[in-house]
Structure formats: C-alpha cells, structure tokens
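2 protein chains.
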Amino acid sequence: MASPIPPLARPVLRSTAQLPLRPAVASSPRPDTVAGRIPIADARPTTPGGRYAASAFAGEAVRFQVTAFREGHDLIGVHVRLFAPDGTETLHRLSPLHNGLDHWTVTIAPLQQGTWRYRFEAFADEYATWQHAAELKIAAGVDAALMREMGAALLSRAHTETDRSSADRVALQQAADALRDRSVDDAQALVVVRDPLLAAAFAERPLMALVTLDTEHTLLVERERAGVGAWYEFFPRSEGALRHPDGTVTSGTFRTAANRLPAVAAMGFDVVYLPPIHPIGQRNRKGPNNTLTAGPNDPGSPWAIGAATGGHDAVHPDLGTLADFRSFVAAAGDNDLEVALDLALQASPDHPWVASHPEWFTTLPDGTIAYAENPPKKYQDIYPVNFDNDPDGIRAEVLRIVRHWIAQGVRIFRVDNPHTKPLQFWEWLIATVNATDPDVVFLAEAFTRPAPLQALAMAGFQQSYSYFTWRNTKAELAEFLGWISEDTADFMRPNLFVNTPDILTEYLQYGGRPAYKVRAAIAATAGASYGVYAGYELFENVARPGSEENIDNEKYEYKFRDWAGAEAAGDSLAPYLTELNRFRREHPSLRQLRGLTIHHSEDDAILVYSKHLPAALTADGAADTVIVVANVDPHSARQTMIHLDTAAFGVHPGDPFEVTDLITGAEWTWIDHNFVRLDAFHEPVHVLHVKAHR
Amino acid sequence: MASPIPPLARPVLRSTAQLPLRPAVASSPRPDTVAGRIPIADARPTTPGGRYAASAFAGEAVRFQVTAFREGHDLIGVHVRLFAPDGTETLHRLSPLHNGLDHWTVTIAPLQQGTWRYRFEAFADEYATWQHAAELKIAAGVDAALMREMGAALLSRAHTETDRSSADRVALQQAADALRDRSVDDAQALVVVRDPLLAAAFAERPLMALVTLDTEHTLLVERERAGVGAWYEFFPRSEGALRHPDGTVTSGTFRTAANRLPAVAAMGFDVVYLPPIHPIGQRNRKGPNNTLTAGPNDPGSPWAIGAATGGHDAVHPDLGTLADFRSFVAAAGDNDLEVALDLALQASPDHPWVASHPEWFTTLPDGTIAYAENPPKKYQDIYPVNFDNDPDGIRAEVLRIVRHWIAQGVRIFRVDNPHTKPLQFWEWLIATVNATDPDVVFLAEAFTRPAPLQALAMAGFQQSYSYFTWRNTKAELAEFLGWISEDTADFMRPNLFVNTPDILTEYLQYGGRPAYKVRAAIAATAGASYGVYAGYELFENVARPGSEENIDNEKYEYKFRDWAGAEAAGDSLAPYLTELNRFRREHPSLRQLRGLTIHHSEDDAILVYSKHLPAALTADGAADTVIVVANVDPHSARQTMIHLDTAAFGVHPGDPFEVTDLITGAEWTWIDHNFVRLDAFHEPVHVLHVKAHR
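Residue numbers (the working numbering), protein chains in the order written: chain H, 1 to 694; chain F, 1 to 694.
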C-alpha cells in the first residue's frame, strides 16, 4: 500500500527508512520553556560538548539517534529531516530501540560532500495509540463499540488527506466503513485493527499531533578518503637505493621509488604515505640507531627538516626535483594511488627559518635556540616551533607551505605530532585549507591522551592514528573496537596502522609470523582505514634493545629490501595483504567505521566481531556481512564455542546461514552457536562472508 | 608564606582551595576558533545536553571539574572563578586528577541561595614548568647554569608583582639571588628549586601566561531542604481515627493528627508528607484492597480528588477546616517539622472542574469523559487532565492552587506521577512558582524510565523519587549509589524512600525485620534525602496477593496502629530510625549527596561505602567521615575481608585509624584491610564514624 519513493536523479543519500517528503508544521510551540511539548534530547551525531559539528565521510552509514518520549501511555513517532548541502530535503522515520532509554534511531548514508543540516521531529502518533488500545480493549471486550468508532473517525480523517495515494484513501475508507458496520462483529473488526497494510500506510504517513521540532544540528560530510583507505608507508630514498662496494650509498629518488608503485597498487593499497621529502639538516644529524654522531654517508632523519638547500617547501636534492615529485604523484595516480605527504612543523638547526625568522623559535637567556626536549632529555637535531611569538606569521607560512604542496597535487597530509602544537592552530589551518580545498585530508599522528586525541579530531582532523598498536589482547581489542565504532564514531575516524617506523610492539617482536597475520587481518577488517609501514610484509620484527622500534631503523639509514625474492621464497606477507585489501574492495561493510558488533566467545583469545551494512545502504542494494574470528594468541591453536548475536546482521536467532571463509574458501552452515578452531601456525583468522539470506 | 584569606563577614561559600582574588586577563584570544589557546572542555557541574542549568542545594559539596590540557610538555594550572548571587567574586585553584584524562577538580560548597555563575580559567604555569625541568636537568647535570638563570629571571619577575606580600617578595628575591650566585653550587641550588614554600607561593599566586577563559556557566543553588531531609509520610485521617462497635469509623482530623507530630519529631524526621487532603469523590469510589465497590463507610482513595465539597483548593470535611490545616502546619513548625503536601493533578468524576471546565478532560465520541487507563485496564475513579485542550487555562488554575497552599504555609509539594503530565508544564510551573517563592520545593514521584526521570529533574524538580526500592543486592546498590552520587548529582537529588503506600518490595515482604533495618540504614546514610511511610517501623510486610503493595492498604481504609504499644513490646523500628536520624544530624557527611565512595568487599552480600566531607567544607572545620558496612542478605550472618580506599577519606593507605560503631558503640582500630562479621539477626549494619586523624 506504501507508495514507492521515486528514485532521485543523483541520490544525495541512502536510507534505511526514507519517507515521502512532507512539510513540518510545529504544533503549539511555547517559547517560555526549554522542553518542547514532546521532549527531544541527546541528538546524535554530535560531539562531546556540542561546540564542534559532527562529521562523517561520504557513504558512511551514520546512526541518527535521539531520546524522545512523552508523558503517559500514548505512543509517539519520530522523524528526522535532512537538508543536503545542495538543499535537497528528505524525511526519514526512526525506530524505537526498545532499550528502556527512549532511544530512537535510523541509519542513513549521506553521499553528498559538504555541510548537512538535520532536525528531529517528534509527534503524537494518533493511529498507533488507537491501534494499540483498540487491539487490547476489543480483544478484552472493553469499550469495543467506542474503540471502533474512534478508529473509524481517525481513518476517515486520514482518508481526507489529499497527499495520500488514491489506493490508500480507498483502503482507509473501506476500513473505516467496516469498523462502523454493525454487521461486522468485533472479531472481524479486530482483523481491521491488526491490518499490517493499514499500519504500513500510517508508518509512511502518520496522523500526527503535538508536533515538536528539535533544534537544528549540522553534520560535516567529507570525501570518502577522509574515512576509508588502505595506507602504505615507505621511504622513497630506500626504493632504488644502491649500495656501493665502498659502503657508500646512492639514494633512491622519486623516479626509482615510482617503480615500487605498481607493486603497492597490486597489493590493493589506496594511499602511499611518504615521510618528509625535504632537505635534511646537517648540524647534530642523527646517525644509525639514533646515535648522536652521523657519519658522512648517513642520510639523517627526514624529520630533521631544513638545510641550505631549503625548508618545508623544498625537495631533498637526493630525491630529485619538484618536477620529479610531480611525476611521482602522477605515477601514483596512474596506479589509482593517492600520495600522502608528511607535515612535520619543526626545523633542523640548518632550516632557513632559523636565520629568516628566529622569532618562530624560543631563544634562551644564553642566546641559543631551545632544542626539543622532554626533560632531562634533549633532541639536538630539532628546534620546535614557538607558536606564540608570531602566531600570524607562522599561520601565513604554514598555509603557504600547505598550499604549495596542494599545488603539486597533494590532497592528503599526515601531520607529525599535532598534539605538540596548539589545538587552536590546527583548527584554523584545516578550516582555512578546507574552505578552498574541501578534498584535502589531514591525518593526526596524535599518540597522546584521550582528551587531546579527541579534541584534534573534533577541531578538524579528518583522521587520527589510534591506540590500535597497543590493543592486543581479546579484551583490549573488544573494548577498543567498541570505542572507535560507537563511542567516538560521530567525530573521530581512526586509522589502524599496524606498525610505524616508531612503533614495533612487543606483540610483533615476539609473536612471530602469526602475529603479523592477526594484526593485519584485524586492522584491515575492523578499521575503515588502516595502514602498513613497509617491511611489515617481510616480518621485520627485531627491535633496537630497550626501544619499541625497529633496529637499524629506516629513519636513520637506507634499507635494502628484496620484495620479489621474499615473495618467491614464501617469506612475504604481501599475498595475505593483497587478499585482505581485495576483501575490503569487494565488501562494503569493511569500508565502514560503524556496523561493528562484538560477539561472545568462550575462549579468552578468540575475538569475534561482525561488520554489517544493510541492503538499503549499499550501492548494489545487497546487504553485506562479514564475520571475523581471530585467535589473538599467536603461540597456540585454540578451539571454542562462539555465540553470535545474529540479529546484528539481520539473521533471525536460530536460523541457519551459509558462510564462506574468504581466506581458505571453506564453506559452512552456521547458526548462532558455532564451534571454531584456529591454529595460529596455520590460519589464525577466519574472515567469513555471510551469503545473502532471505 | 601564603597570605591567609581574610574571613568574609558572611561567607557565601566554603572551598577546599580558595585563592586571593585577582582579576582575569585573557591572553591573545582569537575569535576565529572554537578552541582557546589552552583547550578547556566538559565543564561540570552541568546537565546532559547543557540546555538546563545545573543545580545544587545550599551547603552541598559540589565538584567543579573540567578537562584542560596543552600541547607538549609544559605544565598548566586551572582556576575557577565563582560569582555568587549577591555578586561576591571568588577564585579557586583546581587540582589535576592524574587519571590520564586531563581532568582538573576542586570541591566547593556554595552557601548562598540563588543563581551562581562560574568560569574556568586555564593558564601556562611558568613556575611549575621551570621547576619541573630545572629539578630534572640540574640533577642530571644538563644545562644547570641555564636553568638557574631562567629560574632567577622568573623569580625576579614575580618579585616585582605588587600584589604579593612583602614577605613573599623578599623570599622570591633571595631565591633569585641564590640561583644567580656562583658561590652557590648546583646541589644547593637544587634546594632552592625544590623549596616547598616557593611552590606554595606560586600555587597561590602563579606566574600565568596564555591565560584562556572558558565560557561562563550557571549553577542554581536552592535551599538546603531541596536536597537534604528525612521524610515521614502518614495519612492524617488514620491518626486519631476511632473505630466504633458497629464497624463505622470516625476519621482522624488535622487536630488529632497533630498529636502524632511530637513522636515524628522525636524520631528525628524533618518533613511530614501528607497524601492529598482534599474532598474525595463518591462516584466509582474504590473499596478496601482496591475493589471496585466501596461500602458506605469506606473513605476512598485520597488521590480520587474532588467532590461536591470542593476540589484541589479545599480540605476534606472529615479532616477539618482550612484553619485547622493551618494550625496543623503551625504545630508541625513548632516541632521543627515541615509539611509537604501532595499535588496530584487528576480529578474524581465528582470534581467541580468536571462541570465547570469539561475542556480540561478528554471527551469521547459517546459524550463521556475518558477515565485514566492503561489499556485494557481502566481506573474509573479518576479522570486524567488533558493538558492540550486549554493549556493556558490549566496553567492558571494549577498556579492558583499551588499559590493557595503556599498561602497556607506549605513550602514543599510532593508531585504525584509528574511523568504522566507534559514536561513543559512542570518546567513552566516550577519556574513561575520559584520566581516569587524560591523556597518552594517540588518532589517528583516519577517512577518511570531514566529519560523522563532525569528530564523532570533538569526541568526544575528539586527532588526525585528514585529506583532505590528496587535496588536490593550488593551489586545493584553499588551501581545505584554511584549513579546518584556521581553520574546524575549535578542535576538530580534523589529521595530514597524505603517504602510507600504503593511499594512493598519482595525484599521487605520476605526479608523479615533484618530487611527493614538494612534498608533504613542504607537509605538514611547513603541518601542526603530519604523517607519512610508510616507502618514501616511496625514491620508491616504483608502484601496484597499478586501486588507489590501492602494488604488492606491505607489508600482505601483507615489504619489503627498502636505506636507506643509496639515500642513498649520491642516490636518497633522507631528507636532504630531515631538513631539513624541522630547520626544524620551529627554527621554532615551524611547530609551530602556526593562524597560517597564504594569500597571492595570479598563477600557478595557485604556492601561497603564511605561518606566524607573535608574539613574545609564543614561548618565547624572538622572533617567528617562515616563508613557503612551492610550485610544486605537479611537471612544470614556473613563474614569477609573488606578493602578500603582510605585515600577517599583522607587517610594515607596503610595508616591505622580509629572507628566507632555509632549503633553499638564498639570501637576498633582499622587499617585499609579489615575483617568484618555481620549477623542479619543481630546487627546487620555497621555505621562507623572515623575519629579525627592527622
């Protein structure tokens, strides 16, 4: 009986519960109270404190939720009205969560980039209230005639509404007539009361009273890459570097590094992230393994930015020219790869800023410039920027630099240690850049406490490194995945890097190859964005003693790796990563931040979660569900019963369903309780696709 | 070295960390970002969503808390500036919680009633930053001369600040001189760096930079009774009622009921709450045990308000006259008791409104007025008010009624089922009444879901009935007490009634006399407000079969109770209640909502919590601590080890302290781990006072 929504020429969104558009008319608003006639509160998506707008990426399944209730027993309904950036207005019906908290929810995927507005609208649902009472009272023989007359009056009123389809209106009049017809007995009248088609007509076009409008909220929708992507980090100077018999090295260049791009693309990555590509300081340059004295052939840390040949707007001469860099970006594009550049706002003692703008640093009473330090430690290859001496000058310079790289084709910046610079500065920079270039994405390397981490995300960073590397047990991961997919999902999009040049966790150091598989599989399937630093696929797991980073670290020296040889010898994780990235491309639920449900297992190392995207929110209209079962103990085989909340992915509890292991191709018929066995030394992880059901 | 704060003539507050007043001067605010130079967020006290002001009662220890942090390693400080309703401005220093969440906190007890404003101010703490670095670096032999010179410069600068005491200024100059004196070696200089008196001077009067002001917030402070009180509910018609040989009864009156007041006062209660005192309808009057037919001598439910003799502004003729009621209120006052009146906005079919204002009810298609119902059940002695037909008329009438009773001396209203009336209506009513009569307190009988319960509290209700009666196990109570004393304390003040005419829980029905002791002891010590409905002290524990309320319920009949006889026979809980109320009067920590800490016990029925009020917040300047250990299993003796977080009440972990059991007088020396044994049939609860320590 419901009239289908005409498909939009270019849909601005996908929705699990879109309704025909109707204007909102508030009933009797009273200006003298905060509460509306029907109280509405706690609108989501939102940010803690509400001072920043919530954000999402295009295509993200966003949960719109609100708390709404009314006094007494009468039933209410809740709608949300969305205004797309282009002004397109749509209306959607929320469902009660029935969790005792008066929560109402609907999931909508906005597709159009820009600032959306949304508003919740609650109303007394006159049909639902009557239907509920009539069903109980007529069945109980209480006030049957009265309830039938009230229903007939209500249906007749709906019949007169001209925005209903003529088929609906005929059905409404027939139902009203039946309720009034004394030859129809109460048992037959109950059939009318319970008619699901009537209920559907009123769900789509309710009889509303006491309509109450919440205040308007905003949601910033950014491009898909703001939230979704598989990242690959590598040092261009290592790719194509040549070691000579005398021990000297000829650096890799943008040209030689570009030769690596097809392999990265073949693994299925979306983004190549390059550590800083600028000239590197000579003074106090670090030697191998972070030693304080560099030899003449040591290339230094790329994060010690600035030399006689230039600063943040220059290219290291060893890597080539700015034109070479542009060619590299173009080559990446030819391979469907985006280039992410590092933005590390600090200077080597040789940086041109030191002479031209000493006020951008801190000068000590002895006339020297202060090094970076964590007392009593000092980092003598780095001068930190002092953002307070000349804030306007620094703003202008950083904006100039960012726009310079945007002009070279860069659209993604990975920002080094943003939590050591003023939050205010980032808020301004990102807003200013995005005002003219809304496609530019900033990733915050904010390995810091929750408050600054979340504040940076709210203030504008499209993505954030996360605590993923330090969440390794089942309990830690279950809590972490709930946190990112639910608690902070309205404003923070984590990138689950499995390793970095700075981070080689004990789990990887001591977990062997199974650990590398487990961490990659979880990152790639649980995270809408995840990342790998080159060498991970070669299981490079030896740390510098006393540190949590690789020995002979690439930050201070060239690395010579034989990718093809390792793969031929079966000593490479590249084929596994390639498979994981293929799963991500083929399964839209894996490219979502939300829709993740943790399921129960009886073993303390078997982690179980599902990702689910309803049919209404996928491009092809088919629901997508992936169940991941991971043995996070890399030293043993584990077997256990697992218990699935199958309703989370649309399967009625107890119903059987077919799953295929995307890794091994094995197929099983599962129900909500299943036995699993995962051998860390064989395949530590099931990635199971649930076949279409119903 | 700290200069003492001159005591105020009439202090407007007590504070754990008050500072001399200094003006706030914001440094370089930038209007183009939400973030300040030092980010400040999540200010408390607040309400969820922030649309209503937080509230407290006069003398309440309120936790002012905020999240504040800055980039990098430099240290910050946080102040809160309070503006009392009379304009008095005070400044207070917050302490970091060191919980990894960048939380800062200070506890302040506002004493003055009215709307307070408060604002957090964060700043770079230049002394603390230098002190931290200098201590580490000079000890490590790194940059010692530089650190000494930086410190000397900083101390010299502080020396020039004219708002420091001359003693402080001398000390600052001496310290600066010592740091600059080359004959003072680094080991001696470290003594200066570590000087606790210098640290104290800078804690009181920091060297501030990058001063950032948060937005201003408000806190509504109401009179103490809004949050604190022991309530006693009784039906005046039962007190002094006479049963005649023919079975008829002469009702108790306000005059006979007043004879009960001295005994209620002697038990130590603060408030007597009377069910509705208005004329009771005849039509469809309920008989004993909620039967549908009343006999000629059945008095009916007081909540079926309205008869030929009047409605909500009238007094039931059986109880006396309006003058008698005023005398009753006066008699209560003579006994230091306040009278709380019931405000039940509903009508019997005989209410004068039915004829004069039928539009205030719902008329059905058959011309009848709709009864209250919960389909398919109907309540035929009650017409619910329809607030939407004539909202302005109903507002005016209810305001008239409330002001009528205020004119009779009533300052407390216990509101019946507020969650069945529009939230908007209550918000308007309470604001309107409190605008002219800020002392009037409204208690919400909102036994409903969390969302409406909390919304009513935020919208203005000074107090709320709570879920206490249904929280009986140790786990339930621990969660509940944390919820009321922490999660919702900024806006909701629960009243922990142990029973009501509507609620006799299974715990009381089957727990015997120990259950009555346990519940009263927990309510009286955990709740700043708690209540008892008459009969509780006689262990009335027989329920009407199939219900959760007393059999032969007083709602429908007179009750004849022999208070003195029961007490003489040792069959009364009155002496125990008297003791509990005495503890409440003697121990200010028990008259607080906050300051409650749950401690660990190894037994699943031994609940342990402490209430603590720091010395700075008590009227007599002595800290007050009470530890409650309750065996909530009323059927057994339990023994276990308990483990106290003694820091919660100012005792260093491991230090011994003396406790006295206020119930038995027993004295023990305790440490943080103690053995307890509690026999339900002897004394199920320890109420332990911690003797002054340190």
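The set of hints was computed from the structure by calculation and includes no laboratory data.
Note that CB positions come from ideal geometry on N, CA and C, so glycine has one too.
Be a bit skeptical, because a hint or two may be false.
Going by beta-carbon spacing under 8 Å, a handful of chain H positions derived as facing chain F [as the list claims (entries may be wrong)]:
| id | residue |
| --- | --- |
| 1 | Gly72 |
| 2 | Leu136 |
| 3 | Ala153 |
| 4 | Thr363 |
| 5 | Asp366 |
| 6 | Gly367 |
| 7 | Pro450 |
**Study point:** Structure-inconsistent hints, enumerated in ascending order
**Key:** 4 and 6
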